[in-house]
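Q: Protein chains in written order, with my numbering: chain E, 816 to 1054; chain P, 816 to 1054; chain X, 816 to 1054; chain D, 816 to 1054.
Derived from the structure by calculation, the hints contain no laboratory data. It is possible that some hints are incorrect.
It does not matter which identical chain is meant; a pair holds if it fits inside one copy or across any two.
[As the list claims (entries may be wrong)] Under the rule of at most 27 Å between Cα atoms (straight-line distance), these lysine-lysine pairs were calculated in the DSS-like manner:
#1 K968 x K1017
#2 K928 x K818
#3 K968 x K818
#4 K1017 x K928
#5 K925 x K818
#6 K1017 x K818
#7 K1017 x K925
#8 K925 x K968
#9 K972 x K928
#10 K968 x K928
#11 K925 x K972
Residue-level listing of the chains:
There are 4 protein chains.
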Amino acid sequence: MGKLEYVIDELVTGNRILAREGVVDSFGHISVRHPNNPQRFLLSRARAPDLIEPADVMEFALDGTPVDARGRAPYLERFIHGALYEARSDVNSVVHNHSESVIPFGASNKRIKPIFHMGASIGHEVPVWDSHDHFGDTSLLVENMDMGRDLAKLMGKGATALMRGHGATVAGRNIRHAVYISIYLEVNARLQQQAMQMGDVKFLTAGEVDNVIARTASFGINRAWENWCRRAGRPFHVE
Amino acid sequence: MGKLEYVIDELVTGNRILAREGVVDSFGHISVRHPNNPQRFLLSRARAPDLIEPADVMEFALDGTPVDARGRAPYLERFIHGALYEARSDVNSVVHNHSESVIPFGASNKRIKPIFHMGASIGHEVPVWDSHDHFGDTSLLVENMDMGRDLAKLMGKGATALMRGHGATVAGRNIRHAVYISIYLEVNARLQQQAMQMGDVKFLTAGEVDNVIARTASFGINRAWENWCRRAGRPFHVE
Amino acid sequence: MGKLEYVIDELVTGNRILAREGVVDSFGHISVRHPNNPQRFLLSRARAPDLIEPADVMEFALDGTPVDARGRAPYLERFIHGALYEARSDVNSVVHNHSESVIPFGASNKRIKPIFHMGASIGHEVPVWDSHDHFGDTSLLVENMDMGRDLAKLMGKGATALMRGHGATVAGRNIRHAVYISIYLEVNARLQQQAMQMGDVKFLTAGEVDNVIARTASFGINRAWENWCRRAGRPFHVE
Amino acid sequence: MGKLEYVIDELVTGNRILAREGVVDSFGHISVRHPNNPQRFLLSRARAPDLIEPADVMEFALDGTPVDARGRAPYLERFIHGALYEARSDVNSVVHNHSESVIPFGASNKRIKPIFHMGASIGHEVPVWDSHDHFGDTSLLVENMDMGRDLAKLMGKGATALMRGHGATVAGRNIRHAVYISIYLEVNARLQQQAMQMGDVKFLTAGEVDNVIARTASFGINRAWENWCRRAGRPFHVE
């Protein structure tokens, strides 16, 4: 398998895992920066993640222009991905989703914070982007680069952001990292919600969050990846 | 496949999807207006949605009279469907269900409102029909046209209504639309319930709801439909 | 299939359905009064419900004495069943379970009441039996006829009772009826719990409960039974 | 099958069951004391529990030193296991997990206590170990014997402990016992969380807890084990 072919296969696996683990349903998407050209990214045509095949994967310029569409209709919200690749050279994979436990936080003034070590990779606190602040009444979708850049600006150097009335966006250093953060963002939100009903919550300390992030390397992520591949019926490649 | 045969196949698929996605259990039903005669509608005989085959589908006059029963026992509550088709020329498919997250709202004075963009198609607020108001102590079932018309009147031009102590009814422009709204009504209720436990909820603005509804066209719905067909083990037809 | 053979087959199906629908896990059991001798009942040997085969079904006298054990170890709590058959000629099937949503009610002073029409068959209110009241510190299990009779006395003419720190017991007129009530007792508890978090709950009126119970006949129950048989991988017999 | 071979097979089954029942996800582990040498224990190489095969099982000295690694990478947190075997001759199997319902309790000042008879084996109250108390800001992982011994000290003679911001540890007299406690610790936490939302909770009395623990013998545990084996697709061995 060539390098590009391998990355596309990995992207298909990422889509299937996110579907299997309940992070995306019929909507939501994951992209990867092009392995041979940092000014391009790869993202499926508009299709439910659990159905995506290699032939669905399209190439885009960072401004969201399809390079060779061949009649395939792109996701409207590809600008989320392009704007993050444009702003962040450290980001090589982006997930956008509507996972269920994060939506309620996006509609409240409570912030998601790491409640257990697996959740530390979401960062010290997950900010909320409200499209209404700068764009007023919209359909809430990130439908142009202005909106994408506004979201990327709010994320700053962070790994995660919620989107009010919409969902979440996650930025990782590669596909496995972005999927890992997305899955544990959902789990952390679910657990935090339960803990908040019991009274004051002891979150991780800032030092603990930093220590866990420094430790979250490919060794641990690959252990989960092997398991998720099996659950999603996808081959596992040792990296 | 002829037009009628196609619609019946689509209706079977709608039943199976509603079952697979947890909107109906052993009870609940979905109908479609007859493609060749707007004064008729198609609805299965009384059977659990996940078991329905084309031969189960019966034809009814709008007042709920079976056209050619051939020994098949109809659902008692077929009047929900007939009354909506009678009152609303824009409605071509109706779902009645007892999906779990909507029941608690029907028993409270809190109203379901769109909390994320996928929920906007339920309308600005979901009204609650209480059979007790005009019919007193009943078995809560819509067992005649009077009750069906009373429910249809409460729905007005809307897409959704809860029924106190009973469930919900959804009206769509076609089968896929009615299924789509039914599924996201359940999801929206589940998420709203969680958000309400965290304090004040920022719902979508009225303008946002209108914008999302204007955008909810077959392109997006079909993306979900393809995914739901696969999950329900049914063939997907491009429309 | 002879009458006894048929009832045993139905009992196996009841066990499998209760397991598939999450009413029992590795523990819990369902019995049926012997079709040829009202002073006997049929109940599996001590085994997880989802594994039970016809050869596991044992015959018991109403006081819990095995008629022909052939080395098979009975459930300790068979006295729950015997005491109800002894006290109630209208009862022909009994379920004992630890279904998850009923346990919290058994540990609180809130009572389960019908919140939707499917829940009406549980009765107007579900009483709670506390073994501690008459028997003090025990292992909470109903391990003799005294305890069984005490529980049966609390149930009176009702269909359901919770057992504090333990689970629930359901009495039905036949296997399908007892399974039906058990499943919707769990669903009703789950929905009520959610509704209680939203403020005051509008339960069914007493008249509505009576009307639904009067209507809950084999026609509706069999519709669910057909569906549950398919989900549990069991043949469906029309009754 | 020889004695060691049998124990390794049982350990593989324990891993698969914990995964199937939702007690572990891609992380978490179970060990067993070596059947021929009480100064050793058996634990898989670092791999997701649902994927573990007999060849993954490694042997360790009580201080966590691998006896014959053959290139296999061990779990970092093997010290949890070693420290408990070192301190407790009654313990022959240890589970460490991040099961979802226990995490919120570890982050609150509410304690898990038995709410139903199946939960009694967790002990009278589940203590919480906070790594921060003696070790300050860490990655929360038990990465050396000092931390392992500190945790074992807090557990004392008990069967369970939560770990703040991390998960739980369970000690049993054999594999089946440790798995049984782990599963019902999760269930008990889930049910207690629901009950606490309804107001004051009637927990089991101290005498009831003692009575149930005295009764929790292999007869009952094996009934569950047979069921869990089937669900996990593993052969069941009568013990």
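Q: Next, verify each hint and record whether it holds.
A: Hint-by-hint comparison with the structure:
no.	hint	verdict
1	K968 x K1017	between (30 Å within a copy, 22 Å between copies)
2	K928 x K818	neither (37 Å within a copy, 47 Å between copies)
3	K968 x K818	neither (31 Å within a copy, 52 Å between copies)
4	K1017 x K928	both (10 Å within a copy, 20 Å between copies)
5	K925 x K818	neither (43 Å within a copy, 52 Å between copies)
6	K1017 x K818	neither (44 Å within a copy, 45 Å between copies)
7	K1017 x K925	both (15 Å within a copy, 12 Å between copies)
8	K925 x K968	within (21 Å within a copy, 37 Å between copies)
9	K972 x K928	within (16 Å within a copy, 34 Å between copies)
10	K968 x K928	within (20 Å within a copy, 30 Å between copies)
11	K925 x K972	within (21 Å within a copy, 36 Å between copies)
Against the hints set out earlier in the document, violations occur for numbers 2, 3, 5 and 6.
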